[in-house]
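Participant: Please take these sequences and the hints and turn them into a complete structure.
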Amino acid sequence: MKTINFLLAGVGGQGTILAGELLAHVGLAMGFEVKKAEVHGMSQRGGSVTSHVRWGTRVFAPVAGAGEVDFLLAFEKLEGLRNIHMLCPTAIALINQENIIPISVTSQNQVYPTDGEIQGAFAKTIQRAIFINASDTAKRLGVPQTMNVVLIGALAAVLEEYPAAEFTQSDTIWVDAITKRVPAKYAELNKTAFFAGKSLITLPQKENV
Amino acid sequence: MKKILSGNEAAARGAWEAGAMVGAGYPGTPSTEILENFVKYPGVYAEWSANEKVAADIAIGAAYASKRAFVTMKHVGLNVASDSFMAVSMTGTEAGLVFISADDPAMHSSQNEQDNRNYAKFARVPCLEPNDSQQAKDMMANAFTISEEFDTPVIYRMTTRICHSSGVVELSDDIDAIYEHRPQRASVKFPRNPAKYVMIPGNAVKRRPLLEQRIQKLAAYAETSPLNYIEKGSSALGIITSGISYQYAKEVFPDASILHLGITWPLPKNLIHNFAQSVQRLIVLEELDPFIEEAVKIMGIQVEGKDIFPAIGEYNPRIIRESAVQAGLLPPEAHISLPPAYPEPIPARPPVLCAGCPHRSSFYLLHKMKVPVTGDIGCYSLGVIEPLSAIHTLGSMGDGIAVAQGAVKSGSTEKYVAVIGDSTFFHSGIPALANAVYNQTPFVTIIMDNRITGMTGHQDNLGTGKTLQGKTAPIIDIEALVRAMGVQHVTTLPSFEVDKIETTLKDYLKLDEPSVLITLEPCALLPDSRKRWEPLYINAEACNGCTLCFRVGCPAILKSEELDEHTQRPKAIIDPTLCTGCEVCSQICPRDAISFRKEHQQNGITIQ
Ligand SMILES: Cc1ncc(C[n+]2csc(CCOP(=O)(O)OP(=O)(O)O)c2C)c(N)n1
Ligand code: SF4
Ligand code: SF4
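These protein sequences, in sequence, are chains A and B.
Going left to right, the first sequence walks through residues 1 to 209 as my numbering numbers them.
Going left to right, the second sequence walks through residues 210 to 817 as my numbering numbers them.
FYI, nobody ran anything at the bench for these hints, they're computed from the structure.
Yeah, the Cβ is synthetic: ideal placement off N, Cα and C, and Gly gets one too.
Misleading hints may appear alongside valid ones.
27 Å max Cα-Cα, derived DSSO-like pairs, lysine-lysine [unchecked claim]:
(1) B:212 - A:191
(2) A:180 - B:249
(3) B:415 - B:426
(4) A:185 - B:618
(5) B:212 - A:180
(6) B:618 - B:515
(7) B:515 - B:441
(8) A:2 - B:212
(9) A:185 - B:212
One side of the interface only, derived from the structure: several residues of chain A facing chain B at Cβ under 7 Å [stated by the list, open to error]:
(10) 46
(11) 63
(12) 67
(13) 102
(14) 104
(15) 163
(16) 164
Facilitator: As structure tokens, then:
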């Protein structure tokens with residue numbers, strides 16, 4: 001199988017690292033070789049962060065290059081846009097409808113792009129860009145921090161449609177990866193977040209209002 | 210059992226399995242998690258030391274005392290520890306000693322870029338480089354054996370993409386069985402062997418030739434070591450590579466022949482000669498310096514490297530592929546074109562001081578006072594970012610205080626302020642401050658004591674009262690220490706008391722003597738601090754869009770959509786999910802539009 005490249009992009013503190021870990025473990029459970037890469041340090045203080053996850057029969061590099069990413073999971077809109085050059089033309093992007101305004105917009109006069117501009121840029125670049133309200137969904141569940149798992153749920157739904165015979169995923173694999181990696185008392189909550197995320201894709205008309 | 214481990218987790222596991230008894234280090238990205246993981250294993254001693262040199266000397270002492278030991282640091286840490294490192298190259302040790310150096314190509318979290326393989330050549334010691342997590346674990350055993358067999362410290366060179374990448378590692382989950390069987394060295398008497406361990410000139414002169422002999426023996430060993438191996442492919446292209454670059458070579462040139470070097474110093478001459486003869490075109494693929502390439506050229510072998518691939522920054526498959534297409538190593542079809550760039554500038558999102566960071570108030574004031582500020586390394590380095598824009602120098606850890614002294618002694622008539630964090634003060638600020646005081650230098654030092662080593666992810670330090678192994682420790686009293694140095698003007702103030710800090714700074718700047726202001730408040734992200742978070746709110750009627758509060762550079766303060774009728778400027782709002790209620794902005798708002806915590810209680814307001 002061709003190596004599948006995921007890129008997770010967000011703002012420090014949004015939970016990209018845990019999401020990347022979940023994705024790596026799901027890949028392993030499906031029998032792939034997996035690699036994952038992220039940068040810790042300076043980037044955590046509210047700066048831009050990215051994690052790479054790769055699944056394949058044999059995976060060498062831990063990061064994909066620009067133009068090679070198949071799936072983008074953007075935790076924040078501007079961060080999605082910032083990484084648009086990483087995507088290949090057939091890529092699918094899942095973009096969380098959240099704006100986190102950077103200091104450069106508040107205290108200098110830089111301008112945060114409009115939704116129309118962001119959607120236009122994705123439409124021009126890739127096959128499919130799906131904007132979902134993962135943050136709102138997580139808030140409705142009462143725990144905003146589960147936004148990352150909501151996004152992972154949405155990704156699971158998207159992957160179910162992806163034509164790769166090797167994808168032997170099931171809800172059990174995802175749920176198992178999640179419950180093993182979050183504190184026991186939050187396991188049920190995160191499971192709910194996962195399925196809420198899935199239904200954002202499978203039931204778009206209900207949730208995306 | 211298969212487990213996904215980061216390179217750092219794997220190296221910690223490998224060190225433990227190899228029987229390392231002592232691990233010391235000073236935090237630094239990307240090395241920090243090695244010790245944080247090592248400490249979890251049974252039967253070890255692990256500590257965060259004051260700085261890398263101290264950590265190195267601790268590992269050296271343990272290895273002199275016949276216990277396997279290692280020291281961890283980021284690349285620049287080896288600069289700090291280099292004196293000890295060069296010294297122990299002369300003496301060797303009784304048991305294995307490994308220096309783990311985590312280099313940071315592309316400077317994701319560093320002040321410079323340096324290739325620490327050069328230190329191996331410099332000190333005549335071997336350098337080992339794992340290429341993934343599995344090797345990061347397995348090669349630790351080789352590192353300790355080589356160290357003992359050749360009586361030499363070993364550099365274990367990792368890089369960001371090895372340390373912080375995770376991959377599948379095969380390992381046993383029977384911790385008890387490993388614990389039983391890992392190589393253990395009996396406690397023996399400390400060596401009384403001055404000819405080997407006391408490097409007075411008379412002894413050192415005799416040991417010096419041994420270093421040359423040792424490196425030659427190591428070169429012979431490298432010829433047949435299992436860490437250096439050939440993966441035979443097409444003879445059209447041969448690639449000599451090591452570390453993470455090996456992965457890029459495999460990915461981009463799946464058909465090429467590869468000479469993988471797990472030992473990148475000293476180099477196996479015959480192996481390289483034979484490999485060169487077996488291929489038509491020979492290249493070296495290595496991140497950062499042309500370290501292997503130059504050595505291969507000195508062997509008289511025709512080879513290409515940095516004329517094709519960049520000599521600075523970090524590689525990835527795309528960089529390698531596009532460089533290879535340019536050089537005719539790959540056909541033009543291999544080129545991958547990129548989507549058109551987004552036509553407008555995308556607003557930058559630099560890391561910033563967190564909402565509620567105790568460092569913010571001082572930088573807001575320093576910016577207002579327009580004084581030159583010599584900075585240092587830590588979260589507080591972010592005082593340089595707009596709009597605070599209050600730091601004017603930053604080079605290496607612990608330099609700020611003496612740089613201020615130098616500027617003052619140069620005859621500069623400006624009033625200087627040096628800022629330094631608690632961990633950095635313990636690392637290398639203490640001698641600098643003592644020096645400035647002894648030489649009676651009038652400038653202000655602000656020690657920003659947030660009770661933790663923040664930037665690297667909250668490690669304990671000599672001021673926190675807890676060790677890496679969770680034991681209670683005496684807390685250094687910074688104010689008393691500063692007084693003991695002879696500083697007459699010392700004050701400790703809560704970091705959030707803007708007015709008091711301002712008055713004190715103004716007073717101190719008038720002095721003709723050294724002075725020290727300690728700002729004290731735990732980092733906003735520590736568990737106890739989080740319990741006290743309580744978001745403030747802005748009274749939209751009182752706010753007239755003066756924008757003053759935007760100048761504190763707090764990520765929780767945003768421009769609202771609403772413009773003030775008169776000023777036509779955006780009013781401010783506070784994001785309640787980010788605000789901690791530090792009240793720095795409330796204190797500077799000229800129209801009292803921002804709430805204080807006590808008003809919340811009085812008015813019975815709770816904000817979620
Ligand atoms: C020689 C060296 N060692 C380690 C580091 C990594 N490092 C950067 S900042 C920092 C700690 C700073 O802690 P502190 O001074 O307490 O400031 P804080 O981040 O808590 O504000 C460390 C260890 C470095 N840059 N250089
Ligand atoms: S981690 Fe702590 S010290 Fe560092 S910027 Fe955030 S609040 Fe400040
Ligand atoms: S009180 Fe003001 S400065 Fe402090 S965190 Fe809240 S918004 Fe930021």
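Participant: Compare the structure with each hint and give your call.
Facilitator: Hint check:
no., hint, in the structure
1, B:212 - A:191, "23 Å, holds"
2, A:180 - B:249, "19 Å, holds"
3, B:415 - B:426, "18 Å, holds"
4, A:185 - B:618, "60 Å, violated"
5, B:212 - A:180, "13 Å, holds"
6, B:618 - B:515, "44 Å, violated"
7, B:515 - B:441, "23 Å, holds"
8, A:2 - B:212, "23 Å, holds"
9, A:185 - B:212, "24 Å, holds"
10, 46, "5 Å, holds"
11, 63, "5 Å, holds"
12, 67, "5 Å, holds"
13, 102, "4 Å, holds"
14, 104, "5 Å, holds"
15, 163, "22 Å, violated"
16, 164, "19 Å, violated"
Of the numbered hints stated above, those contradicted by the structure are hints 4, 6, 15 and 16, listed in ascending order.
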